[in-house]
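Q: One letter stands for each residue in the lines below.
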Amino acid sequence: MDMLATTTVRREPSDVYDFWHDFANLPRFMTHLDSVVETGPNATHWTATAPFGQVVEWDAETTEDVPGSSIAWRSVGESLVPNQGKVWFVPAPGGQGTEVHVVLAYHLPGGAIGKAAAKYFGEEPHQQLDDDLRRFKQVMETGEVVRSDGAPWGKRARHEFPQRAAQPLSADERAEVFAS
Amino acid sequence: MRANCFAGRNSVEVRDVPDPSLLSRRDAIVRVTSTAVCGSDLHLVDGYVPSMQDGDVLGHEFMGEVVEVGSGISGDTLRVGDRVVVPFPIACGSCNACAAEMYSCCENSNPNAAIAEKMFGHPVAGIFGYSHLTGGYAGGQAEYVRVPFADVGPLKIESDLTDEQVLFLSDILPTGWMGAEMCDIRSSDVVAVWGAGPVGQFAMDSARVLGAHEVIAIDREPYRLEMAAAAGHTTINFDDTDVRTRLLELTGGRGPDKCIDAVGLEATHGSASLQTYDRVKQAVRSETDRPHALRQAILSCRSGGTVSVIGVYGGFIDKFPAGAWMNRSLTLRTGQAHVHRYLEPLLRRIEAGELDPTRVITHRLSLEEAPHAFDIFKNKQENCEKVVLTP
Numbered sequence: 001m002d003m004l005a006t007t008t009v010r011r012e013p014s015d016v017y018d019f020w021h022d023f024a025n026l027p028r029f030m031t032h033l034d035s036v037v038e039t040g041p042n043a044t045h046w047t048a049t050a051p052f053g054q055v056v057e058w059d060a061e062t063t064e065d066v067p068g069s070s071i072a073w074r075s076v077g078e079s080l081v082p083n084q085g086k087v088w089f090v091p092a093p094g095g096q097g098t099e100v101h102v103v104l105a106y107h108l109p110g111g112a113i114g115k116a117a118a119k120y121f122g123e124e125p126h127q128q129l130d131d132d133l134r135r136f137k138q139v140m141e142t143g144e145v146v147r148s149d150g151a152p153w154g155k156r157a158r159h160e161f162p163q164r165a166a167q168p169l170s171a172d173e174r175a176e177v178f179a180s
Numbered sequence: 001m002r003a004n005c006f007a008g009r010n011s012v013e014v015r016d017v018p019d020p021s022l023l024s025r026r027d028a029i030v031r032v033t034s035t036a037v038c039g040s041d042l043h044l045v046d047g048y049v050p051s052m053q054d055g056d057v058l059g060h061e062f063m064g065e066v067v068e069v070g071s072g073i074s075g076d077t078l079r080v081g082d083r084v085v086v087p088f089p090i091a092c093g094s095c096n097a098c099a100a101e102m103y104s105c106c107e108n109s110n111p112n113a114a115i116a117e118k119m120f121g122h123p124v125a126g127i128f129g130y131s132h133l134t135g136g137y138a139g140g141q142a143e144y145v146r147v148p149f150a151d152v153g154p155l156k157i158e159s160d161l162t163d164e165q166v167l168f169l170s171d172i173l174p175t176g177w178m179g180a181e182m183c184d185i186r187s188s189d190v191v192a193v194w195g196a197g198p199v200g201q202f203a204m205d206s207a208r209v210l211g212a213h214e215v216i217a218i219d220r221e222p223y224r225l226e227m228a229a230a231a232g233h234t235t236i237n238f239d240d241t242d243v244r245t246r247l248l249e250l251t252g253g254r255g256p257d258k259c260i261d262a263v264g265l266e267a268t269h270g271s272a273s274l275q276t277y278d279r280v281k282q283a284v285r286s287e288t289d290r291p292h293a294l295r296q297a298i299l300s301c302r303s304g305g306t307v308s309v310i311g312v313y314g315g316f317i318d319k320f321p322a323g324a325w326m327n328r329s330l331t332l333r334t335g336q337a338h339v340h341r342y343l344e345p346l347l348r349r350i351e352a353g354e355l356d357p358t359r360v361i362t363h364r365l366s367l368e369e370a371p372h373a374f375d376i377f378k379n380k381q382e383n384c385e386k387v388v389l390t391p
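If you're matching them up, the sequences are chains A and B in order.
Residues 1 to 180, numbered by the numbering used here, are exactly what the first sequence covers, in order.
Residues 1 to 391, numbered by the numbering used here, are exactly what the second sequence covers, in order.
Hints were generated in silico from the structure; no laboratory data involved.
Heads up, some of the hints might be wrong.
Derived CB-CB ranges, DEER-like [to be verified]:
no., chain 1, residue 1, chain 2, residue 2, range
1, A, A105, B, R348, 55 to 63 angstroms
2, A, T62, B, W325, 49 to 57 angstroms
3, A, D22, B, S71, 52 to 60 angstroms
4, A, A92, B, S159, 36 to 44 angstroms
5, A, P93, B, V209, 33 to 41 angstroms
6, B, A99, A, E176, 30 to 38 angstroms
7, B, H213, A, N25, 54 to 62 angstroms
8, B, S11, A, T49, 35 to 43 angstroms
9, A, E176, B, D375, 31 to 39 angstroms
10, B, S74, A, A92, 41 to 49 angstroms
11, B, S74, A, D22, 19 to 27 angstroms
Fair warning: this is a prediction, and the values are worked out from it, not measured in the lab.
Beta carbons are placed, not taken as given, at the ideal position from N, Cα and C, and that holds for glycine.
Just chain A, with the same shape it has in the complex:
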């Protein structure tokens, strides 16, 4: 399963590259990721939460790193869902900032595990990547993921309808939203 998504961020390519290059920033806008930790030169350890209550972990190596321009990575060793990704940054015309292009590829296993993994990545995986990039743009341009009363969950956004009503959160709802 290959996916390509793009957005334009009104920041310099070097800023956008720097933010992405610090892999620990990725969980700020990527729904599934809990953490990405640097474990050595060009080596990272990724942790994600699956909907069936499991924590999914894998190691990755950085396979390409061109400052201000592109970064690529791929999972190594044992992984439930072998995956690889590449992001590259292109100056947008007329000083409009930076075009961010992302390609992700997942190798879904067959059988029950494959079905579970597909569910984990959502019914519309491409929509999720689009939403991840939208949140990346929000973080880069405004400092945080945007929240409304109807959709207060930040990066844990759930798009299904009905949402909660567009009225202020109760204390309990607020505690739940900011729990993680």
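Fit chain B to the known structure of chain A by using the hints.
A: Frame of chain A; chain B shown alone:
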């Protein structure tokens, strides 16, 4: 707190809801001192804009006092105690749309952008109290409201102007102004305005301030036309007059140089058959909007002229007169008002006495009377033009 909520199609209720709290660093909480009912609130409540939910707090025209600010708001932009008018579109101030001063197209303020993208091709900004398609933000027909990106939107009022003089900077005055501004008015221009509701009235006043030779108001409600006439505008009642014929008479056969649609998707008109056609298609959802005013504006406009659309459309229309538009070199311009860019200039024009926003107010009611306000405004009872609500 008390807040006016959507309670299902054709129904609003003032309910107890939680007080708002800060959700983001650049939020402020505003205690509402004045709010208003807008024609587009009627479109929402009448069920013509998708993604409304029971309990949604309505209202996108409001002002008040800042009672709390988030940690991301610096004291030189906004402080507790400031008196502010809040623009209805929510804008981040840092995306490319905001940089181009197209605030109602802000690329970041709508957390439901994916839904808007499916409906409109590209997302639109968040708007207070205006369905989940525009973000699912609680609105300002309430005692308190959370204002995101409070370092970008709110306009501080530091003079002694009354709430009623500045409240409409939140929406209808900039909306009417932008409708006229998009016409690039010249001193020889005759400008026709469909709809003599509050936005139409402000479009007329704006066209005159921008130098139009003559301004013509088109509506069917005598009290609305009288209000336009009292402000010095020419009037046409489409209930007893053929609009196109009268416009030709008033313009030496040329047609109005510039036409403004201040009606939008719930238009009514004199032709029973066409009205029925649109109403039936709308009822079965094969056409979401009734575009009669827009059609008539396009057919009436002088060749080479501009049709400026500020009335709200939400979906799809039938029988768009593309032939007239194309063959007669018409320019069609539109947009939800980019309110932020007009706040300071229009405040100065109010201070200078060039514009008097208070002239459209016919009713002053309490927030608790919101359901009654919606009723008389929608059904044009009690000569209702504009209702201001006080929490």
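Q: Evaluate each hint against the coordinates.
A: Hints, one by one, checked against the model:
1. A:A105 with B:R348: 55 to 63 angstroms: For A:A105 and B:R348 the Cβ distance comes to about 56 angstroms; the hint holds.
2. A:T62 with B:W325: 49 to 57 angstroms: holds, 54 angstroms
3. A:D22 with B:S71: 52 to 60 angstroms: This hint is violated: roughly 23 angstroms between Cβ atoms.
4. A:A92 with B:S159: 36 to 44 angstroms: holds, 41 angstroms
5. A:P93 with B:V209: 33 to 41 angstroms: holds, 37 angstroms
6. B:A99 with A:E176: 30 to 38 angstroms: holds, 36 angstroms
7. B:H213 with A:N25: 54 to 62 angstroms: Holds - the Cβ-Cβ distance for B:H213 and A:N25, about 59 angstroms, lies within 54 to 62 angstroms.
8. B:S11 with A:T49: 35 to 43 angstroms: holds, 41 angstroms
9. A:E176 with B:D375: 31 to 39 angstroms: Given about 37 angstroms between the Cβ atoms, the range holds.
10. B:S74 with A:A92: 41 to 49 angstroms: violated, 29 angstroms
11. B:S74 with A:D22: 19 to 27 angstroms: holds, 26 angstroms
Hint compliance for this structure: hints 3, 10 are not met, and every other hint is.
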